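Once you've looked at the hints, dock chain B against the given chain A.
So the sequences go chain by chain: A and B. When you line the first sequence up against numbering that gives the first Met the number 0, it's residues 0 to 132, in that order. When you line the second sequence up against numbering that gives the first Met the number 0, it's residues 0 to 393, in that order.
Some hints here could point you the wrong way.
Label pairs and their calculated CB-CB ranges [to be verified]:
| hint | chain 1 | residue 1 | chain 2 | residue 2 | range |
| --- | --- | --- | --- | --- | --- |
| 1 | B | Gln243 | A | Tyr99 | 53 to 63 Å |
| 2 | A | Tyr55 | B | Glu53 | 29 to 39 Å |
| 3 | B | Val57 | A | Ser52 | 25 to 35 Å |
| 4 | B | Met212 | A | Glu122 | 22 to 32 Å |
| 5 | A | Pro83 | B | Glu91 | 27 to 37 Å |
| 6 | A | Ala90 | B | Lys244 | 56 to 66 Å |
| 7 | B | Pro330 | A | Ala126 | 55 to 65 Å |
| 8 | B | Val248 | A | Asp100 | 49 to 59 Å |
| 9 | B | Gly211 | A | Asp100 | 17 to 27 Å |
| 10 | B | Val57 | A | Pro83 | 31 to 41 Å |
| 11 | A | Asp39 | B | Ala176 | 46 to 56 Å |
| 12 | B | Met212 | A | Ile95 | 25 to 35 Å |
| 13 | B | Gly186 | A | Asn51 | 40 to 50 Å |
Simulated from the structure, these hints should not be mistaken for laboratory data. This one's a predicted model, so the numbers in the text were calculated from it and none came from an experiment. Backbone N, C-alpha and C define an ideal beta-carbon position, used for all residues, glycine too.
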Amino acid sequence: MNKQNDNNQAAKSSIALDTGDMTTTFARSVEDFDCWRSEDFTLGGVVTDAGNSILYKTGGWRSLRPVWDEEKCTNCMLCWVHCPDSSILVADKTMIGIDYDHCKGCGICALECRFEALRMLSESEAASLEGGQ
Amino acid sequence: MAEVTVLAATGNMMVAEAFRQAAPDVIAAYPITPQTAIVENYAKYVAEGRVHTEFVAVESEHSALSACVGASAAGARVVTATSSQGLALMYEELHIAAGMRLPIIMANANRALSAPINIHGDHSDVMGGRDSGWIILFAETAQEAYDNSIIAFRVAEHPAVQLPVMTTLDGFITTHAMERCELLDDGTVEAYVGKRRPQNPLIGGAAPVGHGMFASLGGTYFELKQAQRRAVCGSAPHILTEGQKWAAVCGRDFDFIDSFACDDADYILVVLGSAAGNARVVAKELRAAGIKAGVAKIRVFRPFPASELRDVLQGAKAVGILDRSDSFGAPYAPVGLDVRTALYDLDTRIPTRNYVYGLGGADVTLDAMRQAFSELQSLAAGHLDQGLSYLGTR
Numbered sequence: 000m001n002k003q004n005d006n007n008q009a010a011k012s013s014i015a016l017d018t019g020d021m022t023t024t025f026a027r028s029v030e031d032f033d034c035w036r037s038e039d040f041t042l043g044g045v046v047t048d049a050g051n052s053i054l055y056k057t058g059g060w061r062s063l064r065p066v067w068d069e070e071k072c073t074n075c076m077l078c079w080v081h082c083p084d085s086s087i088l089v090a091d092k093t094m095i096g097i098d099y100d101h102c103k104g105c106g107i108c109a110l111e112c113r114f115e116a117l118r119m120l121s122e123s124e125a126a127s128l129e130g131g132q
Numbered sequence: 000m001a002e003v004t005v006l007a008a009t010g011n012m013m014v015a016e017a018f019r020q021a022a023p024d025v026i027a028a029y030p031i032t033p034q035t036a037i038v039e040n041y042a043k044y045v046a047e048g049r050v051h052t053e054f055v056a057v058e059s060e061h062s063a064l065s066a067c068v069g070a071s072a073a074g075a076r077v078v079t080a081t082s083s084q085g086l087a088l089m090y091e092e093l094h095i096a097a098g099m100r101l102p103i104i105m106a107n108a109n110r111a112l113s114a115p116i117n118i119h120g121d122h123s124d125v126m127g128g129r130d131s132g133w134i135i136l137f138a139e140t141a142q143e144a145y146d147n148s149i150i151a152f153r154v155a156e157h158p159a160v161q162l163p164v165m166t167t168l169d170g171f172i173t174t175h176a177m178e179r180c181e182l183l184d185d186g187t188v189e190a191y192v193g194k195r196r197p198q199n200p201l202i203g204g205a206a207p208v209g210h211g212m213f214a215s216l217g218g219t220y221f222e223l224k225q226a227q228r229r230a231v232c233g234s235a236p237h238i239l240t241e242g243q244k245w246a247a248v249c250g251r252d253f254d255f256i257d258s259f260a261c262d263d264a265d266y267i268l269v270v271l272g273s274a275a276g277n278a279r280v281v282a283k284e285l286r287a288a289g290i291k292a293g294v295a296k297i298r299v300f301r302p303f304p305a306s307e308l309r310d311v312l313q314g315a316k317a318v319g320i321l322d323r324s325d326s327f328g329a330p331y332a333p334v335g336l337d338v339r340t341a342l343y344d345l346d347t348r349i350p351t352r353n354y355v356y357g358l359g360g361a362d363v364t365l366d367a368m369r370q371a372f373s374e375l376q377s378l379a380a381g382h383l384d385q386g387l388s389y390l391g392t393r
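So that you can see chain A by itself, here it is in the shape it has in the complex (with noise of 0.2 Å):
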């Protein structure tokens, strides 16, 4: 792994154009991303191990979630269909959840579902079902 190279140090060292491998990769790791400092970002920001918006973690947008009921749904998948954000989570050809860190509570699913096997349900509500348990 190089670290990217445009540092001060870099500037300090002698000048060769041939390196040999040019790829950079992240200096550190995505998780402590928000610690990242400018040394640290690849050239110009170049996502270097591609599809990481999964760690992107966009959920917290939220105020409805939708609640799924297992016993209703008939795996017909409308509702994997129609997430505009791939938050159906799915198992051989069998719905098994949803990925709440990156459902943004729309309601699509909700709306789409014909066996009332998906109802929208306020954080807050939520919330305070959780801590009841």
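Relative to the frame of chain A, chain B by itself:
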């Protein structure tokens, strides 16, 4: 050993030759006076099969630089050329190319901006992009435009730089006037510029990558801009090293500032581009009359060589700063602002006058230079105040 061909050529012809010799993979450009001949000549090289370059004919300068951004992100060696309104139309992509840290070499034929419409030479267009994060070189002559354009590849693509470079020449005066020029052989230029080794290219890299990502909430943008400032300022030693390597090949000096008789000078004019010659002629004339005049021509405008300029100017009794554009509403014109800022760090205050000259290609006469040097003497003697004035208007 380099083979040198001596020829009569315009600045545009020499820039086109420099580009051809650097063998870019992609050129995306749109015609605009007085740059057109660069792209026109290059199109001829493509048509004749002398280059492998993909010529992308686009519908505007906005598209031209956008195509260059894409091609450079893909990993290609990329060139373009523009001028005036064309550069203004690229304003958006200037910042994108620099922020994405993409090496792109762009020639600019320095020309006035509308309104009123005017096709002639001044620096208004370039100055609009001076804070965009590009490295900016100014050429005085067709020969210097050739040398700067070749050096630009080494600088832009340097692993520790990775920034776009604008290589500029004054509209008509340098782009169109024919001069005695020296063209080095293709092999020598090829050996000097080498090949681009892209970092994290979109095409042909070890793994898929994402360029031009969203970086807003959480402060990422802030840190990346900090890295960009460090990169532009940090490019200075590499510009000097690469420029001097080329100087060793071609036998013509390279430095941030071309100083003429500044060592013991009392009165120094600071100038960019083609007007330096007139300033030097008058400085020689004054030297012959016993007046210690000097001329400091800034060749690398971004990053601004503040400390080098201080070294050149520190012994002067008065400094005149020539500006071929204005920054309306600012205390001084663009070069004036930068030079005065540089001088602020000296212990001794050197009085300055800022002269706006030659806008819209207005004649820059020897008399105008004489007037400027004469005013510097009055300034140093306390008979004239600091400030800004237009030099040579009716």
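Checked hints:
no.: 1; hint: Gln243(B) with Tyr99(A): 53 to 63 Å; in the structure: holds (60 Å)
no.: 2; hint: Tyr55(A) with Glu53(B): 29 to 39 Å; in the structure: holds (36 Å)
no.: 3; hint: Val57(B) with Ser52(A): 25 to 35 Å; in the structure: holds (31 Å)
no.: 4; hint: Met212(B) with Glu122(A): 22 to 32 Å; in the structure: holds (29 Å)
no.: 5; hint: Pro83(A) with Glu91(B): 27 to 37 Å; in the structure: holds (29 Å)
no.: 6; hint: Ala90(A) with Lys244(B): 56 to 66 Å; in the structure: holds (60 Å)
no.: 7; hint: Pro330(B) with Ala126(A): 55 to 65 Å; in the structure: holds (57 Å)
no.: 8; hint: Val248(B) with Asp100(A): 49 to 59 Å; in the structure: holds (58 Å)
no.: 9; hint: Gly211(B) with Asp100(A): 17 to 27 Å; in the structure: holds (25 Å)
no.: 10; hint: Val57(B) with Pro83(A): 31 to 41 Å; in the structure: holds (34 Å)
no.: 11; hint: Asp39(A) with Ala176(B): 46 to 56 Å; in the structure: holds (50 Å)
no.: 12; hint: Met212(B) with Ile95(A): 25 to 35 Å; in the structure: holds (31 Å)
no.: 13; hint: Gly186(B) with Asn51(A): 40 to 50 Å; in the structure: holds (44 Å)
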